[in-house]
Structures are given as C-alpha cells and as structure tokens.
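Enquirer: Chain residues, written in single-letter form:
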Amino acid sequence: MTNASEVLSSIQSAFPGAVLDSRVESDRRLWATIDSKKILDVCKHLTNKLNFDHYSGSAGVDWIARNEMEVVEIMASHGAHKVVAMLKVKTPRENPSVKSLTGLYWNANWYEREIWEMFGINFEGHPELYPLLLSDQLIGSWPWRKDFKGYPDLTTGERAVAITTPEGYTEYRFPPTPAEVEAGTVVAERPKYPTFREREEREIKSDSEMIMHLGPQHAMVPGPFLLDVLVEGERVKKGFLDVGYIHKGIEKIMENRTWLQGIVYTDRMCYVASLSNNECYCGAVEKILGLEVPERAQYIRVILEELSRIQSHLIGTGEFLTLVAGVGYAPWQYMIIDRERIISLIESVTGARLTHTFVRFGGVRNDLPDDFAEKCKTTLPYIKSRVNEFIELFAQDAIYQKRMENVGVLSAEDAKRVGIAGPALRASGVAYDMRVEDPILVYPDLDFKVIVGTKGDCADRVDCRLREILESIHIIEQCLDRIPAGPIKPEAKIPKKVPAGEAYYRVEDPRGEMGMYVISDGGDKPYRVKVRGPFYATLQTLPPLLEGVYIADVVAIAGSMDGCPSEADR
Amino acid sequence: MDIIDSISQFAIQEPALFALIIGIIGAAVISGVVNVGAMLVIWGERKVLSDFCNRFGPNRVGGRWGILQLGADAIKLFTKEDIIPGDADKGVYVWAPIVASMATMLVAAAIPFGALHIGGKDYPLVVANMDISAFYVEAALSLMAIAVFMAGYSSNNKYSILGAFRGIARMIAYEVPMGVCVIAVAVMAHSLNLVEIVQSQTLWYAFAQPLGFAIFVIALITDLGRIPFDQSEAEEEIISGYNTEYSGIRWGLLYFQEYNNALLGSILLSLLFLGGWQGPIIPIPVLDIISPLIWLFMKVVIVLWCLIWVRASLFRLRIDQVTDLGWKWMLPLSLLNLGWAVVVGSYFA
Numbered sequence: 001m002t003n004a005s006e007v008l009s010s011i012q013s014a015f016p017g018a019v020l021d022s023r024v025e026s027d028r029r030l031w032a033t034i035d036s037k038k039i040l041d042v043c044k045h046l047t048n049k050l051n052f053d054h055y056s057g058s059a060g061v062d063w064i065a066r067n068e069m070e071v072v073e074i075m076a077s078h079g080a081h082k083v084v085a086m087l088k089v090k091t092p093r094e095n096p097s098v099k100s101l102t103g104l105y106w107n108a109n110w111y112e113r114e115i116w117e118m119f120g121i122n123f124e125g126h127p128e129l130y131p132l133l134l135s136d137q138l139i140g141s142w143p144w145r146k147d148f149k150g151y152p153d154l155t156t157g158e159r160a161v162a163i164t165t166p167e168g169y170t171e172y173r174f175p176p177t178p179a180e181v182e183a184g185t186v187v188a189e190r191p192k193y194p195t196f197r198e199r200e201e202r203e204i205k206s207d208s209e210m211i212m213h214l215g216p217q218h219a220m221v222p223g224p225f226l227l228d229v230l231v232e233g234e235r236v237k238k239g240f241l242d243v244g245y246i247h248k249g250i251e252k253i254m255e256n257r258t259w260l261q262g263i264v265y266t267d268r269m270c271y272v273a274s275l276s277n278n279e280c281y282c283g284a285v286e287k288i289l290g291l292e293v294p295e296r297a298q299y300i301r302v303i304l305e306e307l308s309r310i311q312s313h314l315i316g317t318g319e320f321l322t323l324v325a326g327v328g329y330a331p332w333q334y335m336i337i338d339r340e341r342i343i344s345l346i347e348s349v350t351g352a353r354l355t356h357t358f359v360r361f362g363g364v365r366n367d368l369p370d371d372f373a374e375k376c377k378t379t380l381p382y383i384k385s386r387v388n389e390f391i392e393l394f395a396q397d398a399i400y401q402k403r404m405e406n407v408g409v410l411s412a413e414d415a416k417r418v419g420i421a422g423p424a425l426r427a428s429g430v431a432y433d434m435r436v437e438d439p440i441l442v443y444p445d446l447d448f449k450v451i452v453g454t455k456g457d458c459a460d461r462v463d464c465r466l467r468e469i470l471e472s473i474h475i476i477e478q479c480l481d482r483i484p485a486g487p488i489k490p491e492a493k494i495p496k497k498v499p500a501g502e503a504y505y506r507v508e509d510p511r512g513e514m515g516m517y518v519i520s521d522g523g524d525k526p527y528r529v530k531v532r533g534p535f536y537a538t539l540q541t542l543p544p545l546l547e548g549v550y551i552a553d554v555v556a557i558a559g560s561m562d563g564c565p566s567e568a569d570r
Numbered sequence: 001m002d003i004i005d006s007i008s009q010f011a012i013q014e015p016a017l018f019a020l021i022i023g024i025i026g027a028a029v030i031s032g033v034v035n036v037g038a039m040l041v042i043w044g045e046r047k048v049l050s051d052f053c054n055r056f057g058p059n060r061v062g063g064r065w066g067i068l069q070l071g072a073d074a075i076k077l078f079t080k081e082d083i084i085p086g087d088a089d090k091g092v093y094v095w096a097p098i099v100a101s102m103a104t105m106l107v108a109a110a111i112p113f114g115a116l117h118i119g120g121k122d123y124p125l126v127v128a129n130m131d132i133s134a135f136y137v138e139a140a141l142s143l144m145a146i147a148v149f150m151a152g153y154s155s156n157n158k159y160s161i162l163g164a165f166r167g168i169a170r171m172i173a174y175e176v177p178m179g180v181c182v183i184a185v186a187v188m189a190h191s192l193n194l195v196e197i198v199q200s201q202t203l204w205y206a207f208a209q210p211l212g213f214a215i216f217v218i219a220l221i222t223d224l225g226r227i228p229f230d231q232s233e234a235e236e237e238i239i240s241g242y243n244t245e246y247s248g249i250r251w252g253l254l255y256f257q258e259y260n261n262a263l264l265g266s267i268l269l270s271l272l273f274l275g276g277w278q279g280p281i282i283p284i285p286v287l288d289i290i291s292p293l294i295w296l297f298m299k300v301v302i303v304l305w306c307l308i309w310v311r312a313s314l315f316r317l318r319i320d321q322v323t324d325l326g327w328k329w330m331l332p333l334s335l336l337n338l339g340w341a342v343v344v345g346s347y348f349a
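Order-wise, the sequence lines are chains A and B.
The first sequence stops at residue 570 when you use the working numbering, and every number in between is there.
The second sequence stops at residue 349 when you use the working numbering, and every number in between is there.
Derived from the structure by calculation, the hints contain no laboratory data.
Only a predicted model underlies this, so the values are computations on that prediction, with no experimental measurement involved.
For every residue, glycine included, the Cβ atom is placed at its ideal position computed from N, Cα and C.
Check the hints yourself; a few may be wrong.
[Said to hold, decoys possible] Dumping the calculated EDC-like pairs for lysine to aspartate or glutamate here, alpha-carbon to alpha-carbon at most 16 Å:
#1 402(A) x 89(B)
#2 455(A) x 413(A)
#3 497(A) x 471(A)
#4 158(B) x 207(A)
[Unchecked claim] Here are some, though not all, of the chain B residues that point toward chain A, as calculated from beta-carbon distances under 8 Å:
#5 53
#6 56
#7 64
#8 67
#9 75
#10 119
#11 121
#12 122
#13 130
#14 196
#15 234
#16 235
#17 247
#18 319
#19 323
[What the hints assert, rightly or not] What follows is a list of derived Cβ distance ranges for each label pair:
#20 60(B) x 255(A): 26 to 32 Å
#21 41(A) x 329(B): 57 to 63 Å
#22 158(B) x 398(A): 27 to 33 Å
#23 166(A) x 158(B): 33 to 39 Å
#24 301(B) x 482(A): 42 to 48 Å
#25 146(A) x 60(B): 38 to 44 Å
#26 355(A) x 79(B): 37 to 43 Å
#27 355(A) x 55(B): 53 to 59 Å
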C-alpha cells in the first residue's frame, strides 16, 4: 500500500528539484508544488510508476496578493492505492500559462478549458481552447480572477458597451483596452464557440447527413445542455456537446458569502443530491477547522445521505425509463411514488423536500425526530421489496434486454481513462467508491458492498443503480441499530473566521465522485471553492459513446448516465 | 309499417337516388359514431393509463370522472393559433390532416359496426357492404401512412422528416404480414366480405389460427403507431415526430385520427379474429335486438384495454429492430400461417 510520503519521496528521487514545496497532510493527501517545467514528467511518472491512473480534475486559484496564479491538478488512483495528490503549478499573473495535460489525460480537456475561460490561464498544447461554460462575449474578462469587477463592470459601468442588435436585443460587449491587449490579459482575438451554421459547414460531408439538436430544449435532456448529433439516416456519426446553459457561477458566489451562507449554495448545485453537496462542503471546512464531528451527528449524516442516494437513484432510473419507454410506461411512475416516501422521510428530519441545507460545520442542524426509526422500519422494507421487483422486471423484460444490452458499452479501461464517475463507472466493473476509497464519517465501521457491473452497457448502469439502493438500505438499517445518543453539534462555538488553510474533501455523490477544494485565507469568507462535480466528469464522456449508435440509443445512453446538468454547470 | 313500405317502394323505383341518400345518411352517422367513439377512446386511454400508473387522470372538468376534459381540450385546440412554418410546403402541409381524416373515414365506411338481431336474423350495420371489404379496409388503413409522410415531409423539420421516414419504413414492413393474415382469414372464411367473415366464425379465427392472430395483433399495434411501435412520434427522441410542427386544430386532427384508427383497428380485430358480433342472444326484449352490438362493443373495449395495457408495460423498440422483426419474422411466419389456413381451411370446407 502506497502512502502519501512514499509518493512524495518517489517524485523527489525521480526528479530532484521538481518539488518546490510539499506538505503531507495524512496518508491519503499529498500537497506538492511542482516546478511548472516538470509537471508533465511528474504526472507521467505518477501514472506509469505509481498507479495514479485517475486524473480527477484541476482547479485554478488566483493569488492576487502574491501576484501569481496556481493550477492545482488533482490526481488519484482507481483502487490501486488511496493517495490523492494535489499538485500545484504556479504561474505569474501576467501572461499566465501552464502546460496542458490533455496529451496525458483525455478528460483534462474540460477542466482546463474551464480554468482558461475563468482565469485566463493559457494551456500550452490544449487542442481546443474555446468557450465552454461562458458565452463568447465574456471571454477576456476572466470572471473568476480576484480583480474581476462584474459584468458589465458594476463599479464603473464603463468597460461594457451596450449594443442594440438588429433583432432589438441589448448585448453587452467588452472592448478590451489596448493596454490589456498588450499585457496579454485579454486575448486579442477571442476564440468563439462555433455557431450551428459553421458546424454544419464544417462537418456535413454529404447530402444524406444532417445535424440534429438533442437539447438544450428537448424532451431528452434532464436539464439544459446542448447535444448536437450528426446523423446519417438513423445512425449517429458524431456527437457535439456544449454545457454552460445554467452556469450559475456558484464557486464565485461562495467567495462572496460567509462560510455558513455557502452551505445554501451547495444545495442549489444539484437539488436531487443536495445532502451530499452539503456534506462535501462542510466536510472540507471541518478539515480546515480541525473539527471533530460528534458520533451521533455522523450517523445522522450517513443516514440522510444514503436516503438521498436512494431517492436520487429512483428518480434517475425513472427518468431513464421515460426516455426509452415513453411517459406512459407505468413502472417509472411507481418509482416516483416510491421516491415520495423517501422524500417525506427526509422531510421529517430536515423540513425540506429537496434543498435541505441540513449539514452544519461539525454536526447537523437538528436531531432526528422521535418516530424516525419507526418510520424507517416500515418504509425501508417496502422500498427494498419494490426495488427487488424492479430488478426482476428488467431482468425478465425481453424488449428491455434487446434495447439496452451492449448499447453504449464502456470497457473498464476506457471508463478509467475518460474519468467517468459513480454508478456509470462501477457498471464497467471498476470498484471505485468514495465511501471506500476516501472514507468519511462512520463509513469505515459499516458493512456494505461496492456494486459493480460486468459489461458497462446501459442495462448494467441501471442495474447497478438499483442494486445500490439495496446497499443503501442495508447501510441505513445498520446505522439505525448503532446510532448512539449524544450531542449533534460540537460543544465549542464555531468561529466566524476559518483559519488559513486548504482542504480537499471527497464524498460519494449519487452520481459519483464529488470533491470540493476549499481554500481559506483566514477571513470570514472562503478564498476559493472549487467543486469537482461528478456529472461534469460523466457528461464529458458522452460524445465518444455516441459514435455509430442509433438515435434511439443516444437517448438511452444519455439517460443511463443519470444526468444533472445543474451540477455539471454549477 | 306504412313508412317502411313507402321507403321500400321508393328504393325499388329510384335505386340510384336511394343508394345516394342512404350513403349520405350513413356517412353522417358513421362519422358521428366514429368520432364520438374516438373521443371516448381518448378519455378511456387517459383514465385507464392513469390507473395503470397509479394516478388519477382527468378528474376536474365534468365531475370526478373528468368526462368533459375532452370537450375542454377540443375547445382549446380549436381556439389555438394555427401556425404554418414559413419554410413548409404549404399545400401538402394543410392537406395532410385532411387526408388522414379521409383515410379513417374510408375505413369506417366499409366496417360493420355490429348487427341488429331481428326476428332470428342478423342485420349487419354497414354502410358499404362490399364483396372485398376486408381487402378494401386493409388498403384504406395504409392510406394513413401517406398522410403521415405528407405531414412529416412538408413540415421541413428534421425531427418530422425522421418521424415520417420511420413511419413509412414501419408501415411497409408491417402492412405486408398484416395483409397476409387477412388473406389467411379470407381463405378460411371463403370470402373477403367482412360480414361473411364474421358469419363464418363458428370457431373464432383467433383459435383456428393463433399464429395469424398474434401476427395481426402486433401488426395492428404497429399500424396504429402505439408503444412499442411508436417510433414515428417517439417524443423522447424526435420531439413529436411527424407532427412536430403542427399546432392547433391541425394537430388535433392528426392526433384524433390515431384514436379513430385505434377504434377502427380494434373493431377490425374483433371482426376478423374474435367472432365479431357473434355471441349468445340475450333473452330480454329490446336487449335481444341489440345483443350483437353489445357483444361487439365488449370485445372492442377489451381489445382497447389490452392496447393500453401494452402501452403501460412495454418498452419502445428501436426502428431497426422493428423492421428486423417485420421482415425477418413476421412476414415468414404470416406466410406459414397462410399455408396453415389453406390446409385447414380446405379440410374443413
């Protein structure tokens, strides 16, 4: 078993002088500042020699006081060991530029594009640096830098120019000043997202092909994201994906809210899984604060997060069923009705159906009601029998098998390579679950299996999700048996200001690995919150899966990923 | 009896005029019956499907059964703005719903809607009692494919054109086995006349040729464009398929024809395979006259209920699987069934 200090010494011995600064936080966390010239070599070394085969994402940080920017590469392993390496690469604030990792990791593409459009850090060697989350006009304003004044500039209003378009809309344009162009903080010629016409002209080769919209306004998409498919007859030749339709800038908003207020925003990232978002943020802050969570509160959190996983999987599967069977298909309604029971269980504790804001730093907001265990004892066996029925139903349904088997197959190697997350990854046979890899709360004491599939097709993904519900029920039953009496909040008062520090905390969201990278500069607000969302990772893997399938399968594949574009866009 | 006498005298004196008058009256009655029936089918589908899904369905307009919901919907459709896309082929676009209505009315003209049992004899209720009515009905049903293609092609919309192509591919693949099944029934009945086919069923053809029955049911569901064969308007894939661009009452007409077809298709299935209006005569005055009607009605309701049941419990097939099934399985099997019908039919005849 590798641990963090071994990883560090391995890097140091392989590349003397490459590690500028390092901190071994625990066996599982390594923080290291890497020389920007050597980052590619270090990553290669980590991947090839030390089994860091999971590129988990990257975060940009603007250290305006130190006049430098940082890109933090988050590296982990798919089960070979449990170390998460946070590799920081520093670059000056003028003309910031670092080496792109897209050559090494396929999924680095989107993370780097996001950092580029938000911070203006150029990635050398990135194949397609054009807008992903932002609109074309905002490129060049670098909104997540600390000196961003708002758009249009809220302090002076001078930099933005209101232009009335021929259609009568008002558009705001950002003419960069010559000084900005010279300094390189504004790209002289903005890369633009290709328009539909441009894409048609570029991609359509023959008269029998056409590009069809599946989203952002389409019955298929669970929320707005654009999926264009190039089709020839019924066959899809290529898929194009664009996100950012509901980009809310939550990470930036949280920098302007107090630590406590931030919890509310984590709810809104994904309303079907808001409890694990709460947990992720609070866990990261607790890590910086060094807070111990009382045992009862830990159990309450686990119970609620598992309940939330059950309801999320139920609606995820239900939505998938409407996509492949039509809205008249009865079992999807059964799932929604069953989900309602779980929701009312959660509601009896948190008081809200979807956006709970329930987890607090070092505890939870309130205790379980007296009859909670009793209610669980009637509801959970019922859900269990229903889910067993669903599993049996799909296993026996010949049409379902014909439609779903060997559709959208993602092999284990590919799944690891593209960095897909959650049940969609486990369906490919990779047992990668944050509850085991990076155990939090009381998960190490609990007995549960990591559900894996065999083939990684649509049927497997759905089956994994359903069987995970059974495991969740098993976890909750154990928790209810073991939950001790005691306080639900820490004794000491939680300070308004969090001491300077940083933490990366991972939880198993219903959609997969969710990580939050929280930095505090000692103030009453977070300095930076980076959310590594699971569906952002999953969504990126969609276009390659769509090549060569039928249009009906596009819908099935996208549906089997259990999407939440709201959380992907944040 | 004076009235009947004078009518029959008129019929003898002016046969052409009489036939015209009967035709016009019949057309009015038929279109009324079919359209009202289709409205009830829509309402029934919404209620029954809701029941399958553990919901309530329409329950506000017109009391707790929501019986006036359809009236409300119809008013809404009539008063909605009628939009014709700028790039659409206007003439074809406008005519498509009308062709669809015509197709269903043509089918309705030749379908016996039951019989009246008077004085120990069945008088079938049919407007056009042709010798080849089974063949004619089958042919008229496939006119719907043309309407669907007109609607999809003229809309100038990518989803519509895909829906139209899917519709055509599906209907070609399934009209053939369906037609072969009708022929198999005709072979056993020694007639292509629907009335005679019903009268010849001492043993229901569903039992005499179970394979043919199964193929006909599947082909019928395909023809009606219902799940698992609703690829031409799979809303999760291609929005609404061939009628994506339609709105207001034009959309309403297209939508309505699907349910007209569902009703007529169920009647056709009952006539061909389930013994039509045959059944024990109810020995109560008045009721004995309409007892064949009651039997047919019950059969049709059961068939419709089963169609909704199928919708609530099956997944949608992919279009390549649909055509595969049609050409590679249904067609050979329907020919096999035809052979069976020839052998058994000639043996019993």
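Enquirer: Which constraints among the numbered hints does this structure fail? Numbers only, ascending.
Expert: Violated hints (numbers, rising): 1, 3, 6, 7, 8, 9, 10, 11, 12, 13, 14, 17, 19, 20, 23, 24, 25, 27; every other hint is consistent with the structure.
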